[in-house]
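Protein chains in written order, with my numbering: chain V, -5 to 208; chain X, -5 to 208; chain R, 202 to 419; chain W, 202 to 419; chain F, 3 to 243.
No wet-lab data here; the hints were simulated from the structure. It is possible that part of the hints are untrue.
[As the list claims (entries may be wrong)] Here are the simulated SDA-like cross-link-like pairs (lysine to any residue), alpha carbons at most 20 Å apart as the crow flies:
1) F:K5 to F:W211
2) X:K125 to W:A274
3) X:K125 to X:F95
4) F:K5 to F:R216
5) F:K74 to X:Q66
6) X:K125 to R:Q277
7) V:K125 to W:G280
8) V:K125 to R:A274
9) X:K125 to R:I216
10) F:K5 to F:T15
11) X:K125 to R:A408
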Amino acid sequence: MSPSAAELRDVVAVQQQFPLLSGVSLSLATGSLTVVTGANGSGKTSLLRLLAGVLSVTHGAATVLGVDLVSQHAEVRRRVGWLGHDGSFYQDLSVRENLVFAATALQRPLDEIAPALERVGLAHRSDVRTKDLSAGQRRRLSLAWLLVRRAELWLLDEPYASLDDEGRRFFDELLDDVQRGGGTVVMSAHDVLRSTSLEPDIVVMAGGRIVEAS
Amino acid sequence: MSPSAAELRDVVAVQQQFPLLSGVSLSLATGSLTVVTGANGSGKTSLLRLLAGVLSVTHGAATVLGVDLVSQHAEVRRRVGWLGHDGSFYQDLSVRENLVFAATALQRPLDEIAPALERVGLAHRSDVRTKDLSAGQRRRLSLAWLLVRRAELWLLDEPYASLDDEGRRFFDELLDDVQRGGGTVVMSAHDVLRSTSLEPDIVVMAGGRIVEAS
Amino acid sequence: MIRTAWLVTRKDLRIEMRSRVLLWQVVPFGALALLLCGLALGPADAGHSRAAPGLFYLVTLFVALLMINRSQAVEQTVGTAESVATLGLDPAGVFLGKTMALTLELWASATLLLAGTVVVLHTSLIGTVHAVPSVLVTLGAMACAGTLYGALSAGNEGPATLLPILALPAFAPLLVAGERSFSAALHGGALWEWWVIDLVALAGYVAIGVLLYGVLEE
Amino acid sequence: MIRTAWLVTRKDLRIEMRSRVLLWQVVPFGALALLLCGLALGPADAGHSRAAPGLFYLVTLFVALLMINRSQAVEQTVGTAESVATLGLDPAGVFLGKTMALTLELWASATLLLAGTVVVLHTSLIGTVHAVPSVLVTLGAMACAGTLYGALSAGNEGPATLLPILALPAFAPLLVAGERSFSAALHGGALWEWWVIDLVALAGYVAIGVLLYGVLEE
Amino acid sequence: MNKVTQRLLGPLTLLTLVATVILGLWVTPKATMHDGGGDLVRMLYVHPALAWVALYVSFGTTTIASALYLWKRTRSDTMDRVAYCAMEVSVLFIALTLITGSIWGRPTWGVWWAWDARLTSTAILLVLALGYLALRRANDDPQTRARRSAVYGILVALNVPIIHFAVTWWKSLHQNATVLTVSGKVSVHGSMLWTLLLSFIAFTLWYFWLLRARYRLEVRSDQAMQSHLAAAVVERQREGA
Ligand code: HEM
Ligand SMILES: Nc1ncnc2c1ncn2[C@@H]1O[C@H](COP(=O)(O)OP(=O)(O)OP(=O)(O)O)[C@@H](O)[C@H]1O
Ligand SMILES: Nc1ncnc2c1ncn2[C@@H]1O[C@H](COP(=O)(O)OP(=O)(O)OP(=O)(O)O)[C@@H](O)[C@H]1O
Ligand SMILES: [Mg+2]
Ligand SMILES: [Mg+2]
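Extracted from the complex, chain V is given alone in its bound form (with noise of 0.2 Å):
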């Protein structure tokens, strides 16, 4: 078996005093697809935060990609992708200054953006402030800049929201590109996934916790 790249033991998180997740056990192989789904508010999104190293550890021990998660979220965020609910980055920046930023900070070449903008089509709005983007328009943003940063590991929350058809297909395609270089994916959805040639691994949450795995 292929190194593990996310392993949590009994991770209870607590935010204002209210346990977001608790008590996930879980163990991703390296190269995996997982689909996180659940009901409403049962705690995909906390789940998904926790693994970025955003929301921190009450209990339980946590590695991720071989760093251990309660002592050094810092150098697990650095190498992990997130594609949030809400938009992303700066909402004053235009969407090419947002990418421009984002990949500098990661030292990644910005001769990339102008194709993942294209490849999205979001080419001609890219002079557009953030803010004033339409919903799918943001999901796209985040997905130009996902092709620009390949982490080892993406965090999808809810990718297909928002998205049109083209969109969506277009997304099928990067996760089969994503799939073939090898990376790890955890994404949470409320559908099964589109696509027929990927196998993902299903985890059903509720209340916290992961009811069932396969």
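Assemble chains X, R, W and F with the ligands onto chain V, guided by the hints.
Quick look at chains X, R, W and F with the ligands alone, frame taken from chain V:
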């Protein structure tokens, strides 16, 4: 034919010198169900905002519920129900406080709030601040509000997004109810409707215009 | 109208209560401002109490700007603006309600600051008490003006940008009158004349707000 | 570290440029503050220039609080915090970058305000010019402290709430030292001693920030 | 305004301005009423007239046009444009008032600026006027912009008397009504009085001339905007294809 719920003729709506809508003509019968689809950024949200009287008409003629949209948005706003992409009402107030505020504003009976929260499955979160809700729960709050509100014209922007299966089923029920009560509904969506009992009119947008209507 | 006003006032006060800006922001800020002023003027007492009214209104002005900003900001969060707009609230009521909430918040902070001036700047207690009615009216007028200018500046760039340049020149005469009548209460002089200016301004702003606030909400 | 710092500085300045808060907020606010103070102190000139340093720093304090608030607020919008966190920026660089941007903004507003005091409060031009180095250092130290405390107070309630109560006690000594050395520049006295305090504070804050900012970002 | 008067506006303005300059510089005597005055007294033919236009004529235009815009029956783009153009011209005149006043004040009072009632109120008015322009720039939806600036135009009008009283009750350095005293007795030299009157007429005419020119420019830029918009609409429609 029933009197028209909305009548747009060559409507152009400009914001920050960008034409969000570039000439929309549309006629909606009272009691109809219309689904607006189209690529990301094609103007679906903008059309709904226009119908709600929140985006102003730059050129063209528009009547909603028999009221002139150009000169009397205030009147229109009072009579439509709105469910937006993002959360609704005040982030710092709790679920119940928000509903009480809205219901009092429109002089709706307060004792409908508890059953509505029960129906959308938010009863156990009624004292949580709106900003702490999960994405789907925020959606459900809007649905609860629509239940309490009972508007003449409902404008729903991607109502299915972020809802889990149960939520979607519930939404379909709601739609059925509204239709039977003679309410008019305009909603945007990227998927086709789930409910098979309803027969929506489909409107396809592209480039800020309607390119196909059935 | 009154019903809406009351509803809006309660809502704004409740939101304010949650964030407790008043307590954490106004009190320490006022304290530091008083301290700085004490320093700038040196240890003599006479100067202190002469500068007190100006200083009091300077700090109040800052607090007022913050509060007006917040009062508009809660309406401008993503999603909030649209959903509240479709409630069709009576604009005159919204104006009165927001003004009322702002007034109450300003009064609360003024009470604290006045106490501070008495303790730290040695203004006479009796004089300060005499100044109270004029302070209340001045702050009421500021709240009215603030709500109006806040609504004017709401929108694309957020209120933070436009509000000061719109509101400050309008606040200036109110503050001048307030400062003069506070001074008069402390050191003698024409107390009423100045007071009347603020009263007239208050009436004027209320009238304009009730009549025209609806025009602003598009 | 330097690379990150530079990146963050440019980003912050660009966002600030877009919203032009500096121009619309600082200029009118400074003008009104000067006006109020001019009033509070009456038409005598002597008093004016004596109060000028305190007033200058009081207004600067307002402006600084507003800017620190904004500087943190842009990081806290929904979605922004997570996506930026996963860039794994070097915390020391972020600290330096945000501080640098704040410092530049404060310097810009200080220039305007100093010009205002010379014109309006009749402080001596030469004295004011002598005070410039000390003003620059003091504002640099304030920016450092502000960035640190801004990050401390970021979180659930937004920086607006907690910031002042955290930052003000730290600002107080800086402001006192700044005010004293400005006074000394204007009216003679121990110019260097106070100046050195601010220099030491600046060095201390930079060191703490570079070492500990990472701890703050969870 | 009919065509003929419109045509005459330009020449008349020039004529009266030139006459004012000639009378003011060569015909009228040097200082008689101001101690340190000398030739400085010639400011009398510039500064008061500028101030009059700035405070009453142009602000008044904006306020009336704003009120007419807000009243549903007279609402029109023209009113909005007039209000805007008048305010822009106001800024010019207020600035000129401040500048000429300061130039006059330096030798007369020994300072460029003092905390005086009228000076302060003039400065506040300038900021109010700038606020109006800032408000216009911040809103780009024409209807919202028109509505908001009309409301602001009314608020400005409310502020003028408040400022006036707030500052007149306050001790003042500035020249009080010197030209016409309460008793109606004319207190300046004959030729000076006529020149002064002429200057008022000249600057008022100049104001209307500027307003008209600015209005025309605005109409033209609105047209440019419309065609720009039409192009943008076509562009947007093409996105769908
Ligand atoms: C920055 C400095 C000054 C400003 C802002 C200023 C402003 C004004 C204003 C606003 C008015 C019109 C008042 C009205 O019609 O109600 C005015 C009138 C006048 N000003 Fe000034 N002024 C300044 C300096 C001076 C100086 C230095 C002098 C001469 C010593 C002067 C002499 C006059 C005179 C004679 C009038 C006509 C007064 C009348 O007819 O009532 N001004 N000024
Ligand atoms: N302060 C709080 N008090 C009570 N409950 C809270 C608090 N903060 C968060 N919660 C709850 O924690 C849960 C967070 O869930 P999370 O956002 O991870 O759900 P999710 O699985 O992503 O749901 P969705 O499908 O709706 O996006 C929600 O049920 C929310 O109501
Ligand atoms: N200032 C601007 N400059 C250029 N384009 C703009 C500007 N503001 C908005 N837009 C564009 O206007 C369109 C708005 O579309 P709208 O939000 O109505 O789309 P939508 O159909 O709801 O899309 P989605 O499916 O993504 O929600 C977007 O294409 C957006 O990029
Ligand atoms: Mg979620
Ligand atoms: Mg949309």
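Hint-by-hint comparison with the structure:
1. F:K5 to F:W211: holds (13 Å)
2. X:K125 to W:A274: At roughly 16 Å apart (the allowed maximum being 20 Å), W:A274 and X:K125 satisfy the hint.
3. X:K125 to X:F95: Given pair X:K125, X:F95 holds - Cα atoms ~16 Å apart, limit 20 Å.
4. F:K5 to F:R216: holds (17 Å)
5. F:K74 to X:Q66: Given pair F:K74, X:Q66 holds - Cα atoms ~12 Å apart, limit 20 Å.
6. X:K125 to R:Q277: Holds, at about 15 Å.
7. V:K125 to W:G280: holds (12 Å)
8. V:K125 to R:A274: holds (16 Å)
9. X:K125 to R:I216: holds (13 Å)
10. F:K5 to F:T15: holds (16 Å)
11. X:K125 to R:A408: Between X:K125 and R:A408 the Cα gap is close to 36 Å, so the pair fails against 20 Å, i.e. violated.
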